[in-house]
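Asks: Starting from the known structure of chain A, fit chain S onto it as the hints suggest.
Those protein sequences? They're chains A and S, same order as listed. Quick note, the first sequence lines up with residues 4 to 341 if you use the numbering used here. Quick note, the second sequence lines up with residues 1176 to 1506 if you use the numbering used here.
What the hints contain is simulated information worked out from the structure, not anything from laboratory work. Remember, predicted model here, so these are calculated numbers, not experimental data. The C-beta atom is built at its ideal place from N, Cα and C for all residues, glycine as well.
Just the calculated beta-carbon pair ranges, DEER-fashion:
{"#": "1", "chain 1": "S", "residue 1": "1473", "chain 2": "A", "residue 2": "149", "range": "33 to 39 Å"}
{"#": "2", "chain 1": "S", "residue 1": "1326", "chain 2": "A", "residue 2": "40", "range": "39 to 45 Å"}
{"#": "3", "chain 1": "S", "residue 1": "1474", "chain 2": "A", "residue 2": "20", "range": "48 to 54 Å"}
{"#": "4", "chain 1": "A", "residue 1": "149", "chain 2": "S", "residue 2": "1205", "range": "38 to 44 Å"}
{"#": "5", "chain 1": "A", "residue 1": "119", "chain 2": "S", "residue 2": "1304", "range": "56 to 62 Å"}
{"#": "6", "chain 1": "S", "residue 1": "1205", "chain 2": "A", "residue 2": "71", "range": "47 to 53 Å"}
{"#": "7", "chain 1": "A", "residue 1": "166", "chain 2": "S", "residue 2": "1200", "range": "25 to 31 Å"}
Among chain A residues calculated to face chain S with C-beta under 10 Å, some are:
{"#": "8", "residue": "206"}
{"#": "9", "residue": "215"}
{"#": "10", "residue": "233"}
{"#": "11", "residue": "275"}
{"#": "12", "residue": "278"}
{"#": "13", "residue": "282"}
{"#": "14", "residue": "284"}
{"#": "15", "residue": "287"}
{"#": "16", "residue": "289"}
{"#": "17", "residue": "291"}
{"#": "18", "residue": "294"}
{"#": "19", "residue": "310"}
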Amino acid sequence: MNNMTTETKQVPILSIRGLSTQFSTPSGLLKAVQDVSLDVMPGECVGIVGESGSGKSVSFASVMGLIKPPGQIAAGEVIFDGTDLRKLSAEALRRIRGKQIAMTMQDALTALNPAMTIEQQLLEVILAHDEDIAAQPYWQKKRRARTRAVEVLALVGIPAAQTRLNDYPHQFSGGMRQRIMIAIALACKPRLLIADEPTTALDVTIQAQVLELIASLRRKLGMSMVLITHDLGVVAEQCDRVVVMYAGQVVESGLTAQVIGAPRHPYTRGLLQATPRVEDLSAPVRPIPGTVPNLINFPAQCHFYSRCTQRTDACLAAIALTRHADAHDVRCIQIEES
Amino acid sequence: MNAPLLRVEGLVKHFERPRSLAQRLTGEKRSVVHALNGVTLEVQRGETLGLIGESGCGKSTLGRAILRLVEPSSGRTVFDGQDLSAMNAGQMMRMRARLQIIFQDPYASLNPRKSIREIVSLPLQLHGSASAAENNEQVERILQRVGFRPDQFDRYPHQFSGGQRQRIGIARALVSRPALVVCDEPVSALDVSIKAQILELLGELKAEFNLTYIFVSHDIAAVGHLADHIAVMYLGEIVEIGRTLDIINSPQHPYTQALLSAVPRLVPATVRTRTVLIGDLPSPLNPPSGCKFHTRCPVAMPTCSGESPRLRPLHLETSHSVACLRSDTRE
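Extracted from the complex, chain A is given alone in its bound form (with noise of 0.2 Å):
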């Protein structure tokens, strides 16, 4: 089954090539991701920065099959380790989702289901996707299962988590439910984790504490990362590479010393000088003025054009993602070429 495991540095886990995912709403076609490609390498952490309406969410929520009508997925390649997730089955999908790729959601309140226990909770993932306990003998399954659930409950960082396997989420804090979803995520040692939000409803000293959690977890599993997030802090402290996008589209991508450092698309300029910097506090914040365009029948057009300072005539075509120097793209015709 695995015969792909000479896997060197240069072939990604995870490869997005052109996807395009659209909603079909009363009013119109609301295009809400728009050719994204991006690329995850092994053991690497991509952070994908954005507000609301960006289609962050949506671009995983694609990769991970989860979009249903009247959502739909009008084109692009989903590849993960070789396979194009999209031309799978159901059940085939269903054996690579949770046990190579996991993913957390944002509101762990709501991910979670109120009215099972975490045990429970952790069981379904664990009894469901690995091979060893599935291997075992039926009477000794739930025991080993429950071993495991154990084990990756200690690993987060759950106090005795012996005893509160048979606990309800409404019965942890805010920081500990974050951490059972991260659990749940990690029990059956996925290759890539895709965190979505995963502090944004969380006190800084909380988010630290999962966000280290989450880090030294990679370190120790050797696991590729995406973490979704708005935080432009988080992504400086966390992430190797940046995405930023907005409204459906990438508008820049690179390392993230060279995006957060010399950002060369005027969104992501405008957004980081919209960030109030503790470690700054004399530097201005200067708003983006306007707001996101609705993208229902969109125009071909720079999506960034009614709030942009730089905008020309030029712009009011369909505008490509171009490469500069150090693998740094940028989708924007204004930028001189370095």
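Replies: Same frame as chain A, but now just chain S:
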């Protein structure tokens, strides 16, 4: 001598939890949530005081207790020379024209069945003595100032985005010409670019309307940009208070240090000493003895569990005060 616009003395708020029948029959004592435990602070006219801390530390309760939106259990609030805690409901009602609040959730805090003109004119109908025409003129002026076009005045909240709704909340708070506005997490629900727009608007309006803000937020960077002074709260108490630059650049309390070190930075320091706090905020139902932070404090001493530190100035001349036994012993 400038009298402060607002002086809060020993404000306490305990929420009592109802007992179940079984608990009542067995004579079990009521459990009490200690939301505020003797908070004392001053806010000068025209300044912005930032209140920061983790969820559950009592910062929102403090903002609301100052306005008597929650009734304090004890303590005094003096606003512009008048003791708010001694006022009856009618006096307090009249006072509220000058004490306003902007809420966190721009969805839940606006009546969905009223147009934004109606929403913003309500404070004037309650407090104003002017004619309806004059009120309307004032409503239109403030709506325009916060960024609405005249053709939008008769629309309903659901027709606006989150950032625009927060502008409606701001217009409603400012239309009665308040002196003090409590901003309770006004930008927490907003996207980065919209957040910056609202922060800028709040800054401009403060200058235009001579406002004094109490800015409650867990977003330390945003507070750092807007506030002149910052008070750091932990389990219902102020553990450190001082000028913004002093708090951000040289925090003295171990909790403030841990809180600040946890804020993600765009330019990660080359060598970062991050103090990761262990565990969650203890339950305010059953707060720890002595210094409430001793259970999570990286530098706790044996005495910390017994003795409660008092908020004391670091030096005689500064406004920077800390409640920590370690700073006390250092002197």
